[in-house]
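Below are the chains, spelled out letter by letter.
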Amino acid sequence: MGGISARNLRMEFDGFVAVRDVSFEVASGEFVTLLGPSGCGKTTLLKMISGFLTPTAGDILLAGRDVTRTPPEKRDTALCFQSYALFPHLTVMENLEFGLRQKRVAAADRKERLDAVIGNLDLSLHLSKLPNQLSGGQQQRVALGRALVMRPSVILFDEPLSNLDAKLRDQVRIEIRRIQRDFGLTAIYVTHDQAEALAMSDRVFVMNGGRIEQSDTPEDLYGAPKTSFVADFIGNANVLDAEVKSVNGAGIVELSTPIGLLRAACSGRPQGSKIRICWRPEHANLAATGENRLSARVTHRAFQGHFTDLHLNEGGADYRVQTNMPGIREGDTIAFSLRPDQIVLLETVA
Amino acid sequence: MTLKKWLLVLALLAPGLGLIVGLIGVAVYIAVAQSFGYYNLSGESGFSLDFWSDMLARKVFNRAVVYSIYVGVISSVLAVMLAYPLAIWLRKPFPGSLTIGAILKAPLLVHGLVAAFLFINVIAYHGILNQFMQGLGIWDAPKRLQNDRAAIGVIILQVWKQMPFALLLLTGAVQSISDDVLNAARDLGAGGFARFRKVIAPLTVSAMQAALIIIFIGALADFSFQVIAGPTNRQSLSQLMVFFKSGGRWNDAAVVGVSLMIIAILGSGLLAAVTRMTMRGRLA
Chain V
2 MGGISARNLR MEFDGFVAVR DVSFEVASGE FVTLLGPSGC GKTTLLKMIS GFLTPTAGDI
62 LLAGRDVTRT PPEKRDTALC FQSYALFPHL TVMENLEFGL RQKRVAAADR KERLDAVIGN
122 LDLSLHLSKL PNQLSGGQQQ RVALGRALVM RPSVILFDEP LSNLDAKLRD QVRIEIRRIQ
182 RDFGLTAIYV THDQAEALAM SDRVFVMNGG RIEQSDTPED LYGAPKTSFV ADFIGNANVL
242 DAEVKSVNGA GIVELSTPIG LLRAACSGRP QGSKIRICWR PEHANLAATG ENRLSARVTH
302 RAFQGHFTDL HLNEGGADYR VQTNMPGIRE GDTIAFSLRP DQIVLLETVA
Chain X
-14 MTLKKWLLVL ALLAPGLGLI VGLIGVAVYI AVAQSFGYYN LSGESGFSLD FWSDMLARKV
46 FNRAVVYSIY VGVISSVLAV MLAYPLAIWL RKPFPGSLTI GAILKAPLLV HGLVAAFLFI
106 NVIAYHGILN QFMQGLGIWD APKRLQNDRA AIGVIILQVW KQMPFALLLL TGAVQSISDD
166 VLNAARDLGA GGFARFRKVI APLTVSAMQA ALIIIFIGAL ADFSFQVIAG PTNRQSLSQL
226 MVFFKSGGRW NDAAVVGVSL MIIAILGSGL LAAVTRMTMR GRLA
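Same order as they appear, the protein sequences are chains V and X.
Residue numbers for the first sequence follow our numbering, so the first one is 2 and each next one is one higher.
Residue numbers for the second sequence follow our numbering, so the first one is -14 and each next one is one higher.
Simulated from the structure, these hints should not be mistaken for lab results.
Among the chain V residues that face chain X by a calculated CB cut under 7 Å, a handful are: (1) Pro73; (2) Ala86; (3) His90; (4) Phe99; (5) Gly100; (6) Gln103.
Computed spacing ranges between beta-carbons, pair by pair: (7) His96/X <-> Ala107/V: 57 to 67 Å; (8) Thr263/X <-> Arg66/V: 34 to 44 Å; (9) Ser38/X <-> Ala108/V: 52 to 62 Å; (10) Arg261/X <-> Ala108/V: 21 to 31 Å; (11) Thr71/V <-> Arg134/X: 43 to 53 Å; (12) Pro70/X <-> Asp60/V: 32 to 42 Å; (13) Asp171/V <-> Gly3/X: 55 to 65 Å; (14) Ala196/V <-> Thr(-13)/X: 50 to 60 Å; (15) Asp67/V <-> Ser82/X: 32 to 42 Å; (16) Ala126/X <-> Asp15/V: 51 to 61 Å; (17) Ser82/X <-> Ala108/V: 41 to 51 Å; (18) Ala108/V <-> Leu4/X: 58 to 68 Å; (19) Gln172/V <-> Leu4/X: 58 to 68 Å; (20) Leu121/X <-> Asp67/V: 43 to 53 Å.
Glycine is no exception: its CB is placed at the ideal position from the N, C-alpha and C atoms.
When you get a sec, could you build the whole thing from the sequences and use the hints?
In structure tokens form, the structure reads like this:
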């Protein structure tokens, strides 16, 4: 198996820059997700890795070999399509062995690979069926199996779960991750679903406007976003403009914000005096026993089952907190506190 | 369905389909009946197998059968073979693709006779092609290209005239194949020809069959191209039929006409079956 290395990748379509000078490394056996809103360039980047698009500039290396201009049929990658792209005129078995026959894999080896995948994906009952006789989940498994029998260095997924219902999506998500681990595959997974990205990935590359805005583990991405875009895109976040008032030696920075004066933990000195900050709604402590005590009026309340979402307004700023106390009603004024280490300093504001 | 609804359906179909079925049915009936001795305009009418036995014993008839099948099969296969790459090329719109598509389909609007005369002008003894080849120094003297014995002229005309029809059928079928399916084949290691053989051809087999059959029937029964550009030492079935009719031998003409119909039906079935079997072999 091999890793992926991309250096200064750029893709332009008639003057429109879809991917801007993107560089990254993916280690062998790592599961990386490209996450971002529609049009951010994630599928374009995937198509460049799979060979369906040739970058305008930059290089792609698979297992150390430059494949920038190698066509897809000659790359050691396998792509799982959003639409599954099963051959409608071929049975499940014929779909599974299509690639092996193309690569002229010997019959004994072919059988061994097919048996392993058929058993692993529980497809033995469907081998003689045509794709249109299968459910969405079964089609998904065939598409996955068709890619896995090729034993590629790199497996690529283009939003493979977007056509499945929520329950099935959870099952297949776990299955994909298990298979990726079992086969030791290097995987690149494209999605715009942040929950999917956080649940599955070793690392997540958050893309915006053709750039990788931040690449980190799911935990770091959620706990320590570097920009307001990432903070807002990954989970719920209250993003506020803030002005740095002072920084003390203990790594505490005092900030003036529209909702009041806040103290935040900071490993170094902020880059500028005007910055953005964020904090997660679930970090609000409604016992209001710690630092950064605030109060605000509830403008909207949404019961979500295991928690209640409260929309607040204070000083002209709208933000939200989450609580497991369902008794709070719209119009109530609540008090809460925030720990300094739960307030994250983001980018500077020009 | 109730009887009333059946009658309603039949009444609705009657002005269009009914008329066609009626007219063709009458013509087929008369032709079959005449081939067995009925409706004899120059002798006694009555059931007879003589016209069939005499015709089947004639060398000119058997040569015409072979010749017409040859022109029909070669023309249909060549037209489809040419139409496929064009349909794949025009699958995705690109600047100018509409114009190219329209130009390629233009022969559909040109009458066969006009095309045949234009073609004759080009390949005539003192025609443009001979002058051009001599001008280039490739040929020392003009060559006789007209009415060639292998019917290459007729086949060229048939392919020129019928290819746009195949293109029309195949373009729609090829366009209906999703990009993802073709990309998946590519991703799994299939090169250009393998993608055609294993994905495009099997998924467009119905359009391919329709094109082959319709072109085969048209070329099999060709008259105008054959008369103008065909070889002079052999006749097509339709030419032979007209020859008998012109001599007032309606029963002999009917035997040729019915033979033509039988060959068209059997040939079409055979072409469809061969295509399907070939594709089945390509699936795995």
